[in-house]
Amino acid sequence: MRSLGIDIGSRAIKLVLCDGDRVVHRAVQDTGSDPLAVCRRLLDGLAYDAITATGYGRHLFREHWPEAGVITEIRAVAAGATALIPDCRTIVDIGGQDSKAIALDAAGKVQKFVMNDRCAAGTGQFLEMMATALAYTREEFVAAAGRAPRAQKLSSMCSVFAQSEVVSLIARGASKEEMALGVHQSIASRTAALLGGVPVVPVVAFTGGCAQNPCLQSLISEAVRHPVRVPDWPQFAAALGSALQGASDGRQ
Amino acid sequence: MSTDYRPMWKELGLDLEAHDALLGVLGPLYEQTFTKQHNRPAGMQYFDFVMSEVHGLRIKELLDAKKAGRKVVGAFCTFVPEEIVLALDGILVGLCAGAEFATAEAEKLLPRNTCALIKGAFGFALARVCPYLSASDVIVGENTCDGKKKGYEIFKDLVPRLYVMDIPQMKGPEGRALLRAEFKKFGAYLEKLTGKELTAAALKKGIAAVNAKRAAMHRLSKLRAADPAPISGLDGLLMNQVYFYDDPARFTASVNKICDELEQRIERREGVAPKGTPRILVSGCPMAVPNWKLPAIIEKAGAVIVGEESCVGERGTQALTTDSGRTEDELLDAIVDRYLKIDCAIFTPNDSRLEHILSMARALGAQGVIHYGLLFCSPYQIEAGTVERRLEKEGLPTLRIDTDYGQEDVGQIQTRVEAFVERLRG
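These protein sequences, in sequence, are chains E and P. Every letter in the first sequence is one number past the one before it in this note's numbering, and letter 69, counting from 1, is 923. Every letter in the second sequence is one number past the one before it in this note's numbering, and letter 367, counting from 1, is 369.
Don't read these hints as lab results, they were simulated from the structure. Please read these numbers as outputs of a predicted model, since none were measured by experiment. Each residue gets a CB set at the ideal place from its N, CA and C atoms; glycine is no exception. Honestly, I wouldn't trust all of these hints.
As the list claims (entries may be wrong) - Each computed EDC-like pair below joins lysine to aspartate or glutamate, with the alpha-carbon atoms no more than 20 Å apart:
#1 P/Lys-186 <-> P/Asp-168
#2 P/Lys-215 <-> P/Glu-263
#3 P/Lys-302 <-> E/Glu-921
#4 E/Lys-966 <-> P/Glu-396
#5 P/Lys-38 <-> E/Glu-917
#6 P/Lys-395 <-> E/Asp-959
#7 P/Lys-186 <-> P/Asp-335
#8 P/Lys-302 <-> P/Asp-411
#9 E/Lys-966 <-> P/Glu-394
#10 P/Lys-224 <-> P/Glu-269
#11 E/Lys-966 <-> P/Glu-390
#12 P/Lys-186 <-> P/Asp-325
#13 E/Lys-963 <-> P/Glu-394
#14 P/Lys-73 <-> P/Glu-63
#15 P/Lys-302 <-> E/Glu-917
#16 P/Lys-343 <-> P/Asp-325
#17 P/Lys-173 <-> P/Glu-184
#18 P/Lys-207 <-> P/Asp-325
#19 P/Lys-259 <-> P/Glu-269
#20 P/Lys-224 <-> P/Glu-265
#21 E/Lys-963 <-> P/Glu-396
#22 E/Lys-966 <-> P/Asp-404
#23 P/Lys-158 <-> P/Asp-168
#24 P/Lys-186 <-> P/Glu-199
#25 P/Lys-215 <-> P/Asp-91
#26 P/Lys-259 <-> P/Asp-249
#27 P/Lys-151 <-> P/Asp-168
#28 P/Lys-224 <-> P/Glu-272
#29 P/Lys-186 <-> P/Glu-330
#30 P/Lys-206 <-> P/Glu-330
Stated by the list, open to error - Pulled from the structure, derived: some chain P residues nowhere near chain E, Cβ distances all over 10 Å:
#31 Tyr-7
#32 Leu-31
#33 His-40
#34 Leu-59
#35 Leu-65
#36 Lys-186
Sequences and hints are given; from them, build the entire structure.
Here it is as structure tokens:
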């Protein structure tokens, strides 16, 4: 059975096609302002028996692909992460606009989850805004944080306030690298606080687009006092989970 | 609305243009939220009618009653003792505060980080769109949370007459004495306003009317324990909301009529959702009309709400007032005792609320609790953590949603609620 999972996120749309348990195709594109057009492009030419949507745009997707199943990001990430890291009991997922902490029971079922507040503090968007404020590209930003000998602490968690804080720190001659590290650290401590809302049992998996960021990987490991495990292709965890969930729902 | 109420609204001093705008939003919102629900009980037609006439016929009734010499008392809180108002032949009405209206105007008087309920009350008053405010002879404020307490200091200049009642924060003998003194004073105030005397017989009459209304709601609550659920949570909430507006006797009869219908449904094992649909108890801040955002999301996510642990819900309607007292003083004692049972988060400690949520969840067969906190409502938002920890410890999955009347977070709430329903399904 060929089962397709599509994760319509706020910043990127991810697609995974599975044949049984094997991933046969994966693709990603920026969401942009016309997510349906991106979905159409990603789906072009693909054959599948089941399709399951997740992410921010899952309901919109189903309006146009009525045959699609719909599951939340929570369930999708849980299914994807457990497939990639079978012994994980806690998941941290940081995407473009959402961050979530999920506790799983021994059978891999969602036991408890918490998500960030309605604003984008502590998410990928916060990182992007701060990179822009410091005039870095995404890659430069991560590299700069990695080089910093110490962090310039940022007191504000709000993207808008933090931006003004960065501007005033620049005016005072603070080091850009140290600020880059400070921004990463603020996300890590925010994530640790989010994890306070669920029981944290190792192994802790780290998924979502932000899990590709090596600086965040090590800072979050420190902040939650457990080494986080990042699967290959962490950005595709939810899309993979949707595909697998769709396949198992189809079998029932 | 067939009758032209515009002259009446104009006479009440409403801003007709703004009021039209409000009704223009309310009507379609109601249609979309309520009338398309699956397999609604036929008796809900009465509540549809009440809602369609909420600014029309009901206001006309109030004005007619005023012409006949009765007084209208407006209130924002379940702590205002309806027994005393009815004993003096007055009419108690709940005031509009469940929607964002004229927020920018309200924020000229209030800090932005004030809860939506208080801002809503100010917005309705400032924009002159609430006929209940205009029809009220007196508006009763109550010192519950700090936001309301300080808000009333400013609100008093926006309305013709505001009476402020103090409310204790602890339930010991001193707190009880305070509430008793305040109820006594309120009774004396209303005696002066109405020109009527507060006698034991009058109090008994008031207690009987309010108890009948509460008993009907208790009956409804028991029926909502059935699986499949015989009535939706949205309709259950709506009845709890109309509780504050309608004529008590007519309301009681209408609720009982629905209960008759629900009993037949239960016998036929018929419901608004299939048996086994995840059942949720909503707990937390009050949801005043037209605040239907969260319940609509929950039921759209495939769950059914079986109860409301809320001021607009069982916190407001729980416990009857003992009517065995013979003297005015004994009856007043009974009223005070009844109101002290309200486990509002302004009280400390407030352990009885935790027990109440648990017992409601068990009695109603709820598999999970969604705690609704209004942003900037410190008492409930702070208590939410305690509630969540206790319920999870008891094996009752709990989700905390903190929000306001805005629509910008609907997508995010939907994700959380759907994931919670997935968790309940296992």
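Check: Which earlier hints turn out false for this structure, listed by number in ascending order?
Finding: No numbers; nothing is violated.
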